[in-house]
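So the protein lines, in turn, are chains A and B.
In terms of numbering that gives the first Met the number 0, the first sequence opens at residue 0 and continues consecutively.
In terms of numbering that gives the first Met the number 0, the second sequence opens at residue 0 and continues consecutively.
Hints were generated in silico from the structure; no laboratory data involved.
Quantities reported herein were computed from a predicted structural model and do not represent experimental measurements.
Where a beta carbon is used, it is the ideal one built from N, C-alpha and C, also for glycine.
Heads up, incomplete: computed chain A residues facing chain B, CB under 10 Å, no partners named:
1) Tyr40
2) Ala140
3) Arg154
4) Glu158
5) Gly162
6) Ser179
7) Gly180
8) Glu237
If you want the footprint, here are the derived chain A segments under chain B, 3+ residues with CB under 8 Å:
9) 14-22
10) 94-108
11) 229-236
12) 240-249
Given next are the chains, with one letter for each unit.
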Amino acid sequence: MNIVVCLKQVPKKDSILRIGADQKWIDERDLSYEMSEADAYALEEALRQKEKHGGEVIVISSGPERVRQSIKEALAKGADRAIHLTDPLFNSGDPAVIARALAGALKNEKFDLIFTGLQSDDYGFAQVGLILAEMLGLPSATIVMEVQPEDSGVRVKRELESGWFQWVKLPMPALLTIQSGINQLRYATLKGIMAAKKKEIKEVKAADIGFTESDAISAQSIQRAYFPEKTKRTEIIEGKPAEAAAKLMEKLRFDARVF
Amino acid sequence: MSQGILLFVEQRDGVLNRTTLEALVASQQLAAGMSESLSAAVLGSGVSAVASEIAAKKLDKVYIAEDSKLAEYTPDGYTAALRQVIEKLDPRYVIFSHTYQVRDFAPRLTAALGKTFVGDCIGYKLEGGALLLTRQIFQGKINTDVGVSTEPPIFISFQTGSYRADQAAAGESTAQIENFTLDMSGVELRAKPEEKFQEAKQAVDLTQAERIVSVGRGIKSEENLGLVKDLAEALGAELAASRPICDNEWLPMDRQIGSSGQTVAPKLYLAVGISGAIQHVVGMKNAQTIVAINKDAEAPIFDIADYGIVGDLFEIVPALIAEAKKSQG
Ligand SMILES: Cc1cc2nc3c(=O)[nH]c(=O)nc-3n(C[C@H](O)[C@H](O)[C@H](O)COP(=O)(O)OP(=O)(O)OC[C@H]3O[C@@H](n4cnc5c(N)ncnc54)[C@H](O)[C@@H]3O)c2cc1C
Numbered sequence: 000m001n002i003v004v005c006l007k008q009v010p011k012k013d014s015i016l017r018i019g020a021d022q023k024w025i026d027e028r029d030l031s032y033e034m035s036e037a038d039a040y041a042l043e044e045a046l047r048q049k050e051k052h053g054g055e056v057i058v059i060s061s062g063p064e065r066v067r068q069s070i071k072e073a074l075a076k077g078a079d080r081a082i083h084l085t086d087p088l089f090n091s092g093d094p095a096v097i098a099r100a101l102a103g104a105l106k107n108e109k110f111d112l113i114f115t116g117l118q119s120d121d122y123g124f125a126q127v128g129l130i131l132a133e134m135l136g137l138p139s140a141t142i143v144m145e146v147q148p149e150d151s152g153v154r155v156k157r158e159l160e161s162g163w164f165q166w167v168k169l170p171m172p173a174l175l176t177i178q179s180g181i182n183q184l185r186y187a188t189l190k191g192i193m194a195a196k197k198k199e200i201k202e203v204k205a206a207d208i209g210f211t212e213s214d215a216i217s218a219q220s221i222q223r224a225y226f227p228e229k230t231k232r233t234e235i236i237e238g239k240p241a242e243a244a245a246k247l248m249e250k251l252r253f254d255a256r257v258f
Numbered sequence: 000m001s002q003g004i005l006l007f008v009e010q011r012d013g014v015l016n017r018t019t020l021e022a023l024v025a026s027q028q029l030a031a032g033m034s035e036s037l038s039a040a041v042l043g044s045g046v047s048a049v050a051s052e053i054a055a056k057k058l059d060k061v062y063i064a065e066d067s068k069l070a071e072y073t074p075d076g077y078t079a080a081l082r083q084v085i086e087k088l089d090p091r092y093v094i095f096s097h098t099y100q101v102r103d104f105a106p107r108l109t110a111a112l113g114k115t116f117v118g119d120c121i122g123y124k125l126e127g128g129a130l131l132l133t134r135q136i137f138q139g140k141i142n143t144d145v146g147v148s149t150e151p152p153i154f155i156s157f158q159t160g161s162y163r164a165d166q167a168a169a170g171e172s173t174a175q176i177e178n179f180t181l182d183m184s185g186v187e188l189r190a191k192p193e194e195k196f197q198e199a200k201q202a203v204d205l206t207q208a209e210r211i212v213s214v215g216r217g218i219k220s221e222e223n224l225g226l227v228k229d230l231a232e233a234l235g236a237e238l239a240a241s242r243p244i245c246d247n248e249w250l251p252m253d254r255q256i257g258s259s260g261q262t263v264a265p266k267l268y269l270a271v272g273i274s275g276a277i278q279h280v281v282g283m284k285n286a287q288t289i290v291a292i293n294k295d296a297e298a299p300i301f302d303i304a305d306y307g308i309v310g311d312l313f314e315i316v317p318a319l320i321a322e323a324k325k326s327q328g
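For reference, chain B alone in the conformation it holds in the complex:
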């Protein structure tokens, strides 16, 4: 019978991905709540240091599954390897952090096993012994509690920031580390990855800015950008943007804030017409003071804002510019 929780440990070039620790916190809580054992699996090649780092945490066992075919991440390699681990260990739950890598192979793996994957969860509830997974829909506007009706294992990933890595409990003693023998001989890696790279150095370094005015799709058109430029100038702030603004090439990519842009922590972050999707929020949530101007009182950005004005930015921004100029003069 299936039992226990298996945590997928993500590493790159032998370095632990910090978000795995967040998923570990969720796994530790689930294990305690459901009286299940907790183990972890590290895939790769030359990953014993990562395994030792995880083994210092509170969990029962760490498996190392190494093979030269896992030296570089590929969806085929990881799908095949983790599948072997899961088929052997037969866990009830398999837990991931919802990273780009996990997004790239976990749905394939679950489909290959004929199981279901509840991805990008922000928490869970245990109701009368049943597990409900909380995930957001409509880009964070609505929450849902999702139930699963298949036989285990059940696959779950947790969104970045849903649990705090520093709350990962340390173990009383080091967990046992065991080598898992893979048979990768018949596995063909169809995708051939090349070297990872970063685009040319960013022209603007928003990480140094004290104040940032950031503009989102609420601005409607490129012609209206003058309005937020004026606001930035009046506040002595740098101009930044959400992804759609850069996707449209209204502002250059190096002004994008978020998971695929820059991460900033200015004194002031003033979000104008930005809804507050998680991929944006991860790039600015550590700002000291967050202000949001949005016409939708339910916009998720208000969940992290210190101050908010609910209303039409085309009325509020000019008033703010006037006010800022007044106090300068």
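Isolated chain A, as found in the complex:
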């Protein structure tokens, strides 16, 4: 079974974010990056499926040079080869633009499943996978918590709201968006890191896939980025830890009366 995993690199979770000079995005200087969380789970699930059923795991990611680091991590964990979409023309705040680029690059690939994370930790669109599925004419299921390939397709457990689940059966090829927590993530081994050095990372530019200026036009775009205004007045308790702790306990006891 061949599985394509769409990966996105995002600023590390603990990053202190600043608004950029154009006030339309964050200031990207001095940030460290990592694989978006749900994508890491999607990769892990693909590797586990491959270990059970054989086949190939292909990772695909769009972004500047720094993205290679996440691609290499995926290869070190066990992915077989990678496609890196490097053309700046692919960069967009519109999920349809990136889906178009992915669709172009995957057109000539043979696969049974495509996995994406259910949403990214930066834009959080939760759309690229589904738009890609629509463009490639594939059936889809979102927020997947278990994947069971069967003779005639794939059976997946979808998470619904407030503790409900549902199994859904799909013919393959299909696209699944994977929820965090579907499995336990592995670390790359030293052996894996060494092996990754020999694995193929194919670079793809717009011209290679017939992606034109008009394909890159964003239908939606950020006009302004800013820190949210606080709507509730939180009483911030100052002081050294012991002092703050004492003040807080007093408030909880006498003002909030929670005991």
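Dock chain B with the ligand against the given chain A, drawing on the hints supplied.
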């Protein structure tokens, strides 16, 4: 020419999803602000009761689009059906509530129509006649105002809790209900859903707890959990967690708070190293008193906390334990 606003009404087994009423409030405000008419579409099979419930609200028209292929939700069925409704009515805006179901098909539908979908919005602004949609990025840390440059219809979904369902205006008279004739004969439903189910009964019922200490990824590793366990004990509280803690299996799933976990409203909810993502907040925002301990002064959790301490939890939690024990003795 495209005109009017179309609200997607979500139902399950003939019962209205309450978050649709929140999206209705947004739709009513948009309709008033832009002088547009407002209609709603109910998809399904045997959904006339839901249509009547919506028709009692302030809006112009309710469409019922029924077909046996819509009895059970599937992305293919809903995409095809709503597409037919939209192509016929040609609205300027199509509004959804940002539910799991909408997430499952709305992006496909918009892609099929070659349109754009601004999802998970928390509000909107009308600036000089132009519509800007406010949505959060980086899990609620930053807001953005998003502009759209395609031809209508424009697709928008609103996050749960962004509007208050009880503010949905009632209509002076019942809105007209019209049957919309679908042609689903050529539509293939590729996904075959089985029965919905809940996992085995939860071992801990956090809904009954008076006080909850809840731990997030700020705790860094499983070994450090002892610290928050001690705090919970010293405060006479139950221990709960954000999703990543349960994803890592550091605590069992039944201690997870949020949209995919339990919903609680204790007297005290003390969040330790939790950023306050919306999917967590929906599970605890009704707590009487919310306290947050977080090293990041900009963490969204401070937006809903009554009391906050900005600092390193590994210094503050031990001090709190000592203080709590002091007053017990
Ligand atoms: C469909 C869907 C469903 C979801 N369901 C749920 C759900 O039910 N429940 C849930 O919780 N989440 C859920 N999530 C995930 C949610 O979006 C967030 O990713 C998650 O809540 C983040 O958990 P966290 O706050 O513990 O971690 P993070 O967001 O990583 O936050 C960690 C926080 O700890 C702080 N911190 C770090 N170190 C320290 C220190 N030394 N001292 C003090 N503070 C520190 C950081 O400043 C940060 O604010 C869901 C997501 C999706 C997409």
